[in-house]
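Take the two lone chains and join them into the complex the hints point to.
Protein sequences appear in the order of chains A and B. Anchor point for the first sequence: position 183 equals 183 in our numbering, and the numbering is continuous, going up by one each time. Anchor point for the second sequence: position 80 equals 1080 in our numbering, and the numbering is continuous, going up by one each time.
Keep in mind that the hints were calculated from the coordinates and are not lab data. Just so you know, even glycine gets a beta-carbon here, dropped at the ideal spot from N, CA and C. Treat each hint with caution, since some may be false.
Calculated from the model, a selection of chain B residues having no Cβ within reach of chain A, i.e. all distances over 10 Å [said to hold, decoys possible]:
(1) Glu1005
(2) Val1006
(3) Leu1037
(4) Glu1040
(5) Leu1048
(6) Leu1088
(7) Val1109
(8) Ala1114
Taking lysine-lysine and the DSSO-like style, the derived pairs with C-alpha atoms no more than 27 Å apart in a straight line are [as the list claims (entries may be wrong)]:
(9) Lys53/A with Lys445/A
(10) Lys1019/B with Lys314/A
(11) Lys1060/B with Lys314/A
(12) Lys1019/B with Lys442/A
Among chain A residues calculated to face chain B with C-beta under 8 Å, some are [said to hold, decoys possible]:
(13) Arg131
(14) Pro134
(15) Gly138
(16) Phe224
(17) Val289
(18) Val291
(19) Val395
(20) Ala398
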Amino acid sequence: MSKVHIGCGAGFAGDRFDAAVPIVAALANVKGERFLIYEVLAERTLAIAQRLKRENPDQGYSPFLDIYLPLVLADCHRHGIRIVTNMGAANPLGAARRVHALARGLGIRGLKVAAVTGDDLLATLSEHDIRREPIIEGIALDDRPIVAANAYLGARPVADALATGAHVVLVGRTTDAALSLGPLMHVHGWQAGDLDFLAQGTACGHLLECGAQVSGAYFPDPGFKDVPDFDRVGFPIAEVEADGSLVITKPPGTGGLVSRATVIEQLLYEVHDPHNYLTPDVVLDIGDVEVMEVGANRVGVSGARGKAPPSTLKATVCVDAGWLGEGEISYAGPNALARAELAASVVRARCRAIGIGEPVRVEVLGSGAIFDSNGRARRPPSASAAEEYRVRAAVRSANRKVAQQVSDEVLSLYCSGPAGGAGVRQHVSPQVSTASILIDRKRVKAQVALVEET
Amino acid sequence: MNMIEVPLHAVAHARAGDKGNRSNISVIPYLADAFALLVEQVTEERMLAVFAHKGATAVKRYVLPKLPAMNFVIDNALEGGVNSSLGLDGHGKALSFLVLGEIKVRVPVDCIPAGSPYREARANGER
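Okay, chain B solo, but in the shape it has when bound (with noise of 0.2 Å):
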């Protein structure tokens, strides 16, 4: 199967969340079959990394298979959150898209959706 890099963004969507200095980021496939590969790839030890910047210090992974859907808690990853934080996001809101953007996954092309502004440009790209 040929297999191409593309961001997160190309075969997911996200919601983050807060409670206190805790941030919630829901992963979710835009098509099911991409879920494996995503369970493989998107891991704790990445989702921390993206977060180390902020000092967050540990992150728990809860696996949906029926929905499908990944689910990721990162501790201490909003400098405090809206009780402290000076930034203009202290919600963390914002951050599904920081994951989105960050994190590089390896699928084939049969998983992002047809339609995408990605596959038409990988279309373009081979021309």
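Only chain A is shown next, with the shape it has when bound in the complex (with noise of 0.2 Å):
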């Protein structure tokens, strides 16, 4: 009986704090080897770390870590469930150390906990040699310092850390789909060659990383594409036996819905060219795969198939993006759009008249304008019958004071405004603005530490 079931208790940071809670419940029921991942880091995630681990050398690893994992913890290590988070973010061995912690709160003894590193480019690279590599995506870096730089590591670590016999195992950066095959690469004991079964592996971790996108969430549209129980949405779980196959399911007694529908839909989620998906460890084809109801909320995923990975990992890098102001006002009941109108013309004529010279948006919220562009309405706006228009602006400035003057002229609309405007809210966040570069994998060395208790 060589099943594996893995759960996904998050899909990002900021996920459904106790969503784990039914699939520990599940798990603790079946046999076999049994996992639990959580995936936290976004592109930009990692700067925030980076930030945090320099201002402390112990922190830098996810807020998210001291929400997520007191919750199971305890029952995990009970019955033999292993969790494989990149909850480690930019210090998987201080997120190491906060587990081994958190464990003592919670009275669980013996508990062995490791970390994989390698990700980290500053660390091994200098800042030069990283502005020398091309970029493939996202904006050019000048010479903005670098926040973060960072390899996606494939699964073959997350293995080698399961194989010291660890019950956690943190990561940084690694593919989201690692977290899934790292564990089916240990147990079923797929070697490098075995591109086939990489490939379903990656499927499966691909389905899996976004949470309950693939079990309901992200999909309802009521009247069209309806979900029971929706609220108590259930996470996914995988079924994967050594050859491959792969069944995704959720945890009885919770609510969601895993179809053929919802399993196209997350299947295709964030992919380019379905025959060319490149991770560290195969390139998947998804182009044969077929999609099957085999039971109720049970859906078979078959067909994928693997080629050889490239010579190159992709690696995210991190650069200062200034600052980001917002302010919304609302105006509501008769002839709103025409004060909504008339308030977003006077944000405009303002922001020229004390002399903000980055491009600022102003918008009519609740006219369709979400899918405008910064410069174009698609259409006019027309009076709807709800009558409650939101006015928002927004600029990018690398001064926060430029940033923070857009928002306050959205303030000043309280007293200076058109008649009845209400609901002010303002917003000045700091930016980190990615791009995408390849670097050679024989530069990226992964390594495995188990980390003792201190």
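Structure, rendered in structure tokens:
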């Protein structure tokens, strides 16, 4: 019986904090090797983590570690469910020490915790070297200081970390799919040349990495795509056999839906060329993938094909990108659209009058503005039956003062704008921009360490 | 066959994702029987026209008959994406519904799932 079960407890930092609890309860009732993964590292998240680590060398791991893990750590340890997560962020070793501290507080004894490092290019390369690599996506780095630069590691180091016997594995930047493929390589003994197995495992990881997006979330469209008990949506569990057979399901007793439609939407999510999805472990081709309902809330996925992986790794480079300033105010009731448009024109005129040089976007939300471009509306807004509009202004600037000034021009509409302006909210926040580069994989050395209790 | 014009929303669902300044939007028919008509009518050119106001420069369509589904990759659709867009939706996550609403298709009524509000609206209109 070599079926591996992998549950996903989070698809991004900020995902539902207690989603893993029903997964752990379900996994406790099945035999074989079981894993719980959490994916919490968006492109920009590492830059924020890197800043925290600079301020305090013990920090820089995901702040969500303290939110997610205390709820499941004791039960996972009791039932032999191993945890794999990228909550290591900029500091996997620090995260491992923090897990030991949490375990101590929960009275857990004998927990083995491993950390995977080596993704942090700033630790091994000079800024100069990083800037020399070709940018395949994102902004020009210019001479802006690099806040973070991390290569996407593959699944091999995750599998190696599990081979140490670790109950919890903390990584920084890896491909999201590696969180699932690593456990599968470890248990099933899949090697670098087993390309079709690696492809099935990567498809599995891709389907799980966004949490409930494969099991009914980010899916409902009432009357068209309805999902039962949606407020209690169950997060996904994958069952994967040594021959790559894959079934996506969810814990019993939860809401949500695992169907052909939910799985196909997620299969193509953030995929460009479906025949060439590049990862450090395998180039995935989903052109011949078949998706079949094999039971209630059970969907089989087969036919993923693999090709040899590229000789380069993708890395994300984050630079400081100044400030985003935003301000919003609402207008409702009779003639609301006219009052909102007057307010928008006042903000535009005021930004010119006080000498804001940066492009300012001023829009009337509620008229379909979310689809507009910065410069152009798709069509003239028409008054809606709801008669409620929200004026929003936004600017990006290297200068925090400018971001605040534009936001404050919306605030001033409280007393100096059209009649009935209400509910101002302001937001001025530091920004990070990213560029993707390719780096020769020989220049990136992943390392696995078992971290002792301190 | 009696053909009717409906928004793509009546016959397909979609999900949008982003990488940098590129958007990918899957278009998945509710009923496999509708797929050939969608392949014929939901073209790269029409998709590019939906994103013209954003400055999109090119669209590549991938046809996946086994699912069945299409995947559209739209270059420069996101005004810089989360790196530089001033819009609320830098990721372009709402754009799947722009496509479902803007693109109209001509299909037999059988291509609309039973119970769909579009079918009911049509039935009521005929009465």
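Violations among the numbered hints, reported as their numbers in ascending order: As far as the earlier hints go, 6, 13, 14 and 20 are violated by this structure, in ascending order.
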